[in-house]
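Take the sequences, apply the hints, and build the full model.
Number of protein chains: 2
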Amino acid sequence: MKRSLIVKGNFIFTKDSEKFEIFKDSYLVVKDGRVDGIHPQIPGEYNGCEVLDYGDRIVIPGFVDLHLHAAQYLQCGIGMTKTLLDWLNDYTFDLERQFQDREFAKAVYSEFAAKLAAHGTLRASVFASSSTEGTEELFDALKAQGVGAYVGKVNMDRNAPDFILEDTAASIDGTRYLIEKYGDDPLVKPIITPRFAPTSTDDLLKSLGDLAVSKDLPVQSHLNENRDEIKWVQSLFPKSRHYSDVYDQHNLFGQTPTIMAHAIYSSEEEVALAQKNKVFLCHCPDSNINVRSGIMPVRRYLEMGMNLGLGSDIAGGHRIGMNDAIVRAIQLSKLRSMEFEGEKPLTVSEAFYLGTKGGGRFFGKTGSFEPGYWFDALVIEESPFVRERYSLEDRLEKFLYTGDDRHISARFVQGNKL
Amino acid sequence: MKRSLIVKGNFIFTKDSEKFEIFKDSYLVVKDGRVDGIHPQIPGEYNGCEVLDYGDRIVIPGFVDLHLHAAQYLQCGIGMTKTLLDWLNDYTFDLERQFQDREFAKAVYSEFAAKLAAHGTLRASVFASSSTEGTEELFDALKAQGVGAYVGKVNMDRNAPDFILEDTAASIDGTRYLIEKYGDDPLVKPIITPRFAPTSTDDLLKSLGDLAVSKDLPVQSHLNENRDEIKWVQSLFPKSRHYSDVYDQHNLFGQTPTIMAHAIYSSEEEVALAQKNKVFLCHCPDSNINVRSGIMPVRRYLEMGMNLGLGSDIAGGHRIGMNDAIVRAIQLSKLRSMEFEGEKPLTVSEAFYLGTKGGGRFFGKTGSFEPGYWFDALVIEESPFVRERYSLEDRLEKFLYTGDDRHISARFVQGNKL
Chain A
834 MKRSLIVKGN
844 FIFTKDSEKF
854 EIFKDSYLVV
864 KDGRVDGIHP
874 QIPGEYNGCE
884 VLDYGDRIVI
894 PGFVDLHLHA
904 AQYLQCGIGM
914 TKTLLDWLND
924 YTFDLERQFQ
934 DREFAKAVYS
944 EFAAKLAAHG
954 TLRASVFASS
964 STEGTEELFD
974 ALKAQGVGAY
984 VGKVNMDRNA
994 PDFILEDTAA
1004 SIDGTRYLIE
1014 KYGDDPLVKP
1024 IITPRFAPTS
1034 TDDLLKSLGD
1044 LAVSKDLPVQ
1054 SHLNENRDEI
1064 KWVQSLFPKS
1074 RHYSDVYDQH
1084 NLFGQTPTIM
1094 AHAIYSSEEE
1104 VALAQKNKVF
1114 LCHCPDSNIN
1124 VRSGIMPVRR
1134 YLEMGMNLGL
1144 GSDIAGGHRI
1154 GMNDAIVRAI
1164 QLSKLRSMEF
1174 EGEKPLTVSE
1184 AFYLGTKGGG
1194 RFFGKTGSFE
1204 PGYWFDALVI
1214 EESPFVRERY
1224 SLEDRLEKFL
1234 YTGDDRHISA
1244 RFVQGNKL
Chain B
834 MKRSLIVKGN
844 FIFTKDSEKF
854 EIFKDSYLVV
864 KDGRVDGIHP
874 QIPGEYNGCE
884 VLDYGDRIVI
894 PGFVDLHLHA
904 AQYLQCGIGM
914 TKTLLDWLND
924 YTFDLERQFQ
934 DREFAKAVYS
944 EFAAKLAAHG
954 TLRASVFASS
964 STEGTEELFD
974 ALKAQGVGAY
984 VGKVNMDRNA
994 PDFILEDTAA
1004 SIDGTRYLIE
1014 KYGDDPLVKP
1024 IITPRFAPTS
1034 TDDLLKSLGD
1044 LAVSKDLPVQ
1054 SHLNENRDEI
1064 KWVQSLFPKS
1074 RHYSDVYDQH
1084 NLFGQTPTIM
1094 AHAIYSSEEE
1104 VALAQKNKVF
1114 LCHCPDSNIN
1124 VRSGIMPVRR
1134 YLEMGMNLGL
1144 GSDIAGGHRI
1154 GMNDAIVRAI
1164 QLSKLRSMEF
1174 EGEKPLTVSE
1184 AFYLGTKGGG
1194 RFFGKTGSFE
1204 PGYWFDALVI
1214 EESPFVRERY
1224 SLEDRLEKFL
1234 YTGDDRHISA
1244 RFVQGNKL
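In the order they appear, the protein sequences are chains A and B.
For the first sequence, the working numbering begins at 834 and goes up steadily by one.
For the second sequence, the working numbering begins at 834 and goes up steadily by one.
Check before you lean on any hint, since a few could be wrong.
If several chains are the same, the list does not tell them apart, and a pair holds so long as it fits within one copy or across any two.
As the list claims (entries may be wrong) - Derived DSSO-like pairs (lysine-lysine); straight-line CA-CA distance at most 30 Å:
| id | residue 1 | residue 2 |
| --- | --- | --- |
| 1 | K857 | K915 |
| 2 | K848 | K915 |
| 3 | K1198 | K857 |
Because the hints were derived from the structure by calculation, they are not lab data.
Below, the structure written as structure tokens:
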């Protein structure tokens, strides 16, 4: 039997990045968790159906975070004067070690999952740590919140401190165990997660690629974030043509759906390969500047029609709210527009698209209110002064720039109110 | 009779920008609202004195915001795809008009003042609108909150829509009225506030400069924010050597204590003049990028030992919390450091200094816990996970990056708890 729900409000979303679709004072019909349509009045056949009336409030698709590290959540905003590799060594690895303690993992991941949902991130692709038990706690914490996610046990078998490394076999065994345990979950699923090329042997990458292909599992990792990192990859994998090729040779670059975070310094050849293989590139603006990596050429990727989303990159980024990532993406694109003549900054609809439907496409029909899309939604609270004075588009922009979890009063995932 | 108070906690502040002064588990003695000293134990003569024990919490100086527009508060985060002059015409001027309505002004300014205090800004130099009555409401709202501020009625007699312009005499009369009414207030005082050179006739600037000098009042305005603006100033004031000279010729450039916001494109000669005249330059990082102005060369000004502070620049900037301004100043300095080889990014202590003592010097002995400074202070709340794991300096950095008003549990201005 189909379960129906009607939501009343002002609906704003992006079908395409170029502009907002706006349905003022409308009724959105949800059937079995998916959008059926948006109407000026309740269609006759739904008379008597449950109506959630949000009055003059704005309702938008839930945010989608394509890249963040749950095991770095406590470290947000700490050590921000370091660059990437020093920051990992001085702060990150030791914190990730602590997630071998199951109680600690449970406590921190519960807080993390609650904050994620509170800030309106209803789908996320998350790195845990190398601990299999710790990662189980992250699966469970996200399931308890009711959000959708891909969760990756971090695979590493070299070039990190011993206390967070595993040998190749143990790393693969733990990954297999989590796939068995959570592979059939409808909302929180496993994703193959080599941390990045430098912390993986060829053997590990080969086994992970085989696993991804044989089990039809998605993949996430890091790519071309920092010039020192790129040189290091070249020296560790001398036979590869470039960084992307390391992953590609091992069936970890779009052979199954793949997210690569950063892609700041990808060469023409690498960008072409990512496009051909339909790899999702993930822009993490706060992280790009916090660890002084550079700024992703988002405008170029958008114009090419690449698969593209946004990430908070907790804890290279420091704010878990994707509205902040959307704003920072706009801000950084403005800086690029001042540096590179003719490169237009991101519009609000373009950045919003990246933080909703752009990344949402990795999760299927997610991040939009077009018919057939999952009803993942946020209800926005505003001051009466603002509601009275500004257009719906202005009001949404204001929420993105100045809002936080207190401005979200209801959250829906697949039609279920959290 | 001297009134004493003892505060227990972890005190962090910047005497100089180079490093934090840290007093762990210490007792700060407040006498008549000013810091008397910080001690490892309560000095004998204060036994029996009232002690406020904040345990393991961090206590820092209150934030100082050297530049923001209270009449633009509702507009935060709206119209952010515009550049400066379009943004003023399309959004700002009409909103400022509405502050001629006393009831509206009272309602909005009360919310503004409450938010300012909630986010820990305990001293601010604020633009109101051109309405004298509206500006009275801002004085009253800030006084009611108990924070310290300079408040300026905005003087404009040309080059803005008629509905917010006054003739020169009316603009001066209104300013004189406010000086009479609030000139003796201990905490919320008037400041001479020509909006910026282009909206002022020579006559208005001359009258304002005379008023500043004769009544010994401080001055605030805008300077060298945007290249179009600079050309416009040159065409309006063809006899001036440069933008700064327009103010200087009219006794509005350091003849009394002066804040100039932005100073992104100041020439060598202008910077030298600002330094000679001890003008405070105010860096507004979010605004710099939101309206695509450019980035102030903060490192250079710091190295020159200029008077320098930070501003939220509500509503060119979108976040009222000065912790966000501190973080954005660091982020933008990192971008400059990637563009200009050898230009070091701001350290945490340097940016913190700018948002506390750097700007605080405009208000006298404010923004530090050195003996003789006003005890303007914030008590910071953190998660136990963070308190247990990180150093005091790391914990402060985390608050700056990830905190908001919910992480401030107590506020003191001149020793009085708000």
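Hint check:
no.	hint	verdict
1	K857 / K915	between (47 Å within a copy, 25 Å between copies)
2	K848 / K915	between (39 Å within a copy, 24 Å between copies)
3	K1198 / K857	within (23 Å within a copy, 53 Å between copies)
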